[in-house]
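Trainee: Here are the chains, one letter per residue:
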Amino acid sequence: MSERILTCSAALAEALHEEMRRDESIFILGEDLVAHGGVFGQFKGIPEAFPGRIIDSPISETGIAGCGVGAAMTGMRPFIDFHFSDFLTCGMDELCNQAAKIRYMSGGQVKLPMVVWCPDGAGLRAAAQHSQSLEAWFVHTPGLKVVVPSEPADVKGLIKAAIWDDNPVMFFQHKKLFAKEGPVPEEEYVIELGRAAVKKEGRDVSLLCYGAAYYLCLEAASTLREDAIDAEIVDLRTLKPLDMDTVARSIRKTHRAVIVHEACLTGGFGAELAARIQDELFDELDAPVKRVGAKDVPIPFSPSMEDFVLPSVADVLEAARAVTYR
Amino acid sequence: MSERILTCSAALAEALHEEMRRDESIFILGEDLVAHGGVFGQFKGIPEAFPGRIIDSPISETGIAGCGVGAAMTGMRPFIDFHFSDFLTCGMDELCNQAAKIRYMSGGQVKLPMVVWCPDGAGLRAAAQHSQSLEAWFVHTPGLKVVVPSEPADVKGLIKAAIWDDNPVMFFQHKKLFAKEGPVPEEEYVIELGRAAVKKEGRDVSLLCYGAAYYLCLEAASTLREDAIDAEIVDLRTLKPLDMDTVARSIRKTHRAVIVHEACLTGGFGAELAARIQDELFDELDAPVKRVGAKDVPIPFSPSMEDFVLPSVADVLEAARAVTYR
Amino acid sequence: MSSDKQTLLEIYRTMVTVRRFETMAGEYFAAGQIPGFIHLSIGQEGSSVGVCSCLRKDDYVVTTHRGHGHMIAKGADLKRMTAELFGKKTGYCKGKGGSMHIADFSIGILGANGVVAGGLPIITGAGLSIKLRKTDQVAVAFFGDGAANRGPVHEAMNMAAIWKLPVLFVCENNQYASTTPMHYACSAGDLYTRAAAYDMPGEKINGNDVLAVREATASAVARARAGEGPTFLENVTYRLKGHYEGDPQKYRTTEEIEIWRQKDPIEHFGRMLAQKKYLTKKHAAQIREAVQAELSEALAFAQNSPFPEPGDAMADLYSNP
Amino acid sequence: MSSDKQTLLEIYRTMVTVRRFETMAGEYFAAGQIPGFIHLSIGQEGSSVGVCSCLRKDDYVVTTHRGHGHMIAKGADLKRMTAELFGKKTGYCKGKGGSMHIADFSIGILGANGVVAGGLPIITGAGLSIKLRKTDQVAVAFFGDGAANRGPVHEAMNMAAIWKLPVLFVCENNQYASTTPMHYACSAGDLYTRAAAYDMPGEKINGNDVLAVREATASAVARARAGEGPTFLENVTYRLKGHYEGDPQKYRTTEEIEIWRQKDPIEHFGRMLAQKKYLTKKHAAQIREAVQAELSEALAFAQNSPFPEPGDAMADLYSNP
Ligand SMILES: Cc1ncc(C[n+]2csc(CCOP(=O)(O)OP(=O)(O)O)c2C)c(N)n1
Ligand SMILES: Cc1ncc(C[n+]2csc(CCOP(=O)(O)OP(=O)(O)O)c2C)c(N)n1
Ligand SMILES: [Mg+2]
Ligand SMILES: [Mg+2]
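Protein chains in written order, with numbering that gives the first Met the number 0: chain A, 0 to 325; chain B, 0 to 325; chain C, 0 to 320; chain D, 0 to 320.
Some clues are possibly wrong.
Claimed, not checked - Derived contacts from chain D toward chain A, CB cut-off under 7 Å, selection only:
hint	residue
1	GLY25
2	ALA30
3	GLY94
4	GLY96
5	VAL114
6	ASN148
7	THR178
8	ALA184
9	GLY188
10	LYS249
11	ARG251
12	MET271
13	ALA283
14	LEU294
15	PRO307
16	PRO320
Since the hints were made in silico from the structure, they are not lab data. Quantities reported herein were computed from a predicted structural model and do not represent experimental measurements. Glycine included, each C-beta is placed from N, C-alpha and C at the ideal position.
Can you make the complete structure from the sequences, with help from the hints?
Mentor: Printed below as a string of structure tokens:
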């Protein structure tokens, strides 16, 4: 396959261009999208190419989320832009009590093909209300799917799967990764939801990660090599459905696991994954499953404190060493 | 200490009577409280004893939660009644972006003494939007405390601690337990937040539970005795802060743990607890930590399906046997 | 909008059907055959039937926890409704939803809702969908006087207004939200005036006069289909039963209930039909009997239907897993 | 409410302070010394200063992401404000909050808010608290034209209205919510009319006329203190800078900005004071210099202050753990 280098933003925009051209029922709804092509430039060219199909909303997250539900149930494929994932708090009822449950409550009468697209994550000195990683809430909500890509190629392939999925999909992209570049195939492709990717093979420890944490693991893995620790990196990509097979295969090989995410540690997705691993692979483990995540405080504003709170490469190294030297 | 038998409702009402008499700054705000003393009779006698201090609100969960925040920051001790915990979705911003973060974001300038009181849980054939157990969301939100009592005496002691705590406390009471009876001391007492209770001593397996799941464990423990399995029951009571010491002490004795809660399994509090146990007590464990929770679907209406989805005594038995026969 | 004899008799019959259905539901709830809790709309048939009499099958409706009347008036199948209330596998939702979550997407009912006002942002989304798909459907939200105080109602109304969506916001002001009098929770005394904030027409209607409701709805529907945007209708009515079956109702007097019983929408309409000589006593009795027969059939269907298998609970969550 | 020379000059000076503070913040943001992002209120000083000139120290205020002006007008310390913007340990929030979360509870500022309209339910709670504690404080919420479209605003207004709480809802209609023109998101064209839904007085005011704002605020405050309930004020104004520093502003023309520049609230008020012979050119220059000196001091304080230790991040979450 031939490839070129794209940013995560460009990968998203390209996927949207391709699919919106393909299907009239896809439209984008959110705040402040048209004038600047989205706050992160993620919808570049879409307002010009698809006038009327990218719609500016008033500041009404509840209404926006609900509109997605209503449109999805009546023949459209809404793509809901949530501006900042922190404001999911304003649409929780529509997402968790309505979108997630309506199909089930109706006995399967209806489909809800709906993407809830959320820029998330910290590191921009944006403080506590503009920096969260909230994916764990939605993993704990039956009826939703949850996707958190890291590399541009994943963004493109996974957003297509999300758009074509007939269920509500929470799709989180880290704000600091929008400008991240990476190779993206020229050809058409879709990455099925529920498939993790082994992005680096290794024998000594499995680094299980998603989203921005992937890059921490990448850096950690190269340092670990100097310690003669051969780390395998599994980028989970989708948290629900979860590709437990790939995780298990990796752990059966390495017998050691470190889970890394940016969300705060307590009650984060790492808890679920660690709980499953120790249950399903108890006899395979040579060491406890370690978790690396943000410290359990809101994200502070001042750079030194923010950096301290967020998980670092050093944290990953420490965890990996702890489980491998054991 | 002398005791009498009270229901969970009566224990709550009694605590409120005592503390509202003690302190003028405590008031109750929520929907439909005055006419019937609360939907579950939980505020019996309060409207008469404290006129003007139990306030009926319009149907405005967002506003109610926000009022709690504003009142807590300006010298009051609001007790917010959330009607059904399912509607926490309508106050998520006020709870998770405001109440949980304001003190921290302000550099510790202010206290937020606020109880968010939520009837939760299933079993009443009330279907998907009136049956949830959502405590895990709040455990994953730094800045909140989370309490889930089981027995009437715990309700009384813990609600007092929650009322006097200077932080926002999420307090969940299971709807099916309101009529549950149990001994409650006559004397004044408070149960500190962050103290689990070993409610039954045992040597073979630790059943770690909270809320309604405590009663499942109680029943399971007596059946297990017939199998010559001596189960210890640890009622966690507060999930944040978590009494990891008591948990660890139990596991160092039994070397086996089963976590039981009513919330759906994936991403539930059991995930966090299992992850911590396997990490902190890896060498103590003779078997994987097992989790018992509801199946990962919304709560269905029809009785046979609801019962199937909810965790049962049989599930606890199966898990306990799995870890002890290992 | 025709108002010929046959149409009016049809409307009457539907009102009687709603009333009888609710009465039956109350009885079987009391007898312990309907699990959970139910909220009956007895007394509010003028609103539910009046509004739905103006709608097409392909128009959308979101309803509420008090939604049986809207369902029936929109053309729902009584058998599947009854079966759902009973928690049976043959019910609309295969027993997964119950009274508070009945839906029939084949006739445009996007669902009852256990969350007060939960349907309103959804109906705006349905309206937006109509506009994007360029059909001439309309989307109707029923909600209560209590629901009107929730923020999502306002977001939904504002969005429908600025995009001129074909939406009807039908507020059924039945004087109470559970135990809370409408006048306690709304200082303006009227709810329809809330529409003005969004430059949306708002009208207050005697919700117990089915023809008044029908007339107001018809013009709102016409405006909507013509692309002229949303309308707010406040149908003033009264629930003659408790908030839920079993409600101790300490918040109101029997005298008050009696006053409203005198304004019963079905009796009112029946008298009018009799005056017009459209309806004789005998014919009215025949209608009641026919309805009763239909309901008996529905009841038998529900009672004879199997409960779901426990394991059925695992189906119907995801369209594709 | 006095309007003597000294009071008016005080008001003028405060407006100049806000303007200069914002200008300085913009410069140091551009120079990379202020982390994150900031939203300046240049052009809106008539509203912030006019409103706060009527408040006591013990009155409450919630402000927004565009809150520097409200803070300063309410009497905040410039040093601690500047230090907070710079992320310093000596800042109001010890560097934990930054521009979007500055608070000073000692002067009743319950906080800026990164969530649009996040402060409104909170201010109603503060109003309820005042009523329960039986003091004569008032509680004031500032919010934007964009914020007015969020549901929580309506819940907060309705609750304040039915309980007759001493609250002022001050909507600063600066014509835009980020890239979105007010007229796109509000079909009625006015926002103050939204108050009528709750039987709350609402008034539209030239927000660039500080005395008009002051007058309207004074009567609203008097009503509030007298127990007569909340008031809605729509202060029509304009933000002369981008939504945030760095905003490409494709959504408006430079001509439009120029028109509003002509209506600059500070120049407008300065001319009025000059006409009254309260302010000479020389005095105005003195004021600017004095303000500048104060700001230089604040700046030096901020720049010379230490950053927090990384580990300070772990403090201040719980009052008692
Ligand atoms: C968001 C939410 N809050 C509270 C409730 C509990 N509740 C159910 S019905 C009801 C009263 C609704 O009143 P109204 O909207 O007037 O409808 P009515 O019952 O009168 O038809 C309440 C408070 C709920 N279901 N959802
Ligand atoms: C709930 C929420 N939605 C969206 C945003 C992003 N946002 C920040 S400021 C803003 C515009 C606010 O407009 P307005 O209320 O008019 O205030 P102004 O910026 O004009 O002062 C938006 C959309 C946010 N911070 N919070
Ligand atoms: Mg009502
Ligand atoms: Mg604005």
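Trainee: Run every hint past the structure and note whether it holds.
Mentor: Okay, the hints, checked on the actual structure:
| no. | hint | in the structure |
| --- | --- | --- |
| 1 | GLY25 | violated, 17 Å |
| 2 | ALA30 | violated, 15 Å |
| 3 | GLY94 | holds, 3 Å |
| 4 | GLY96 | holds, 6 Å |
| 5 | VAL114 | holds, 6 Å |
| 6 | ASN148 | holds, 4 Å |
| 7 | THR178 | holds, 4 Å |
| 8 | ALA184 | holds, 4 Å |
| 9 | GLY188 | violated, 14 Å |
| 10 | LYS249 | holds, 5 Å |
| 11 | ARG251 | violated, 9 Å |
| 12 | MET271 | violated, 35 Å |
| 13 | ALA283 | violated, 36 Å |
| 14 | LEU294 | violated, 21 Å |
| 15 | PRO307 | holds, 5 Å |
| 16 | PRO320 | violated, 11 Å |
The structure does not agree with the numbered hints 1, 2, 9, 11, 12, 13, 14 and 16 stated previously, though it agrees with the rest.
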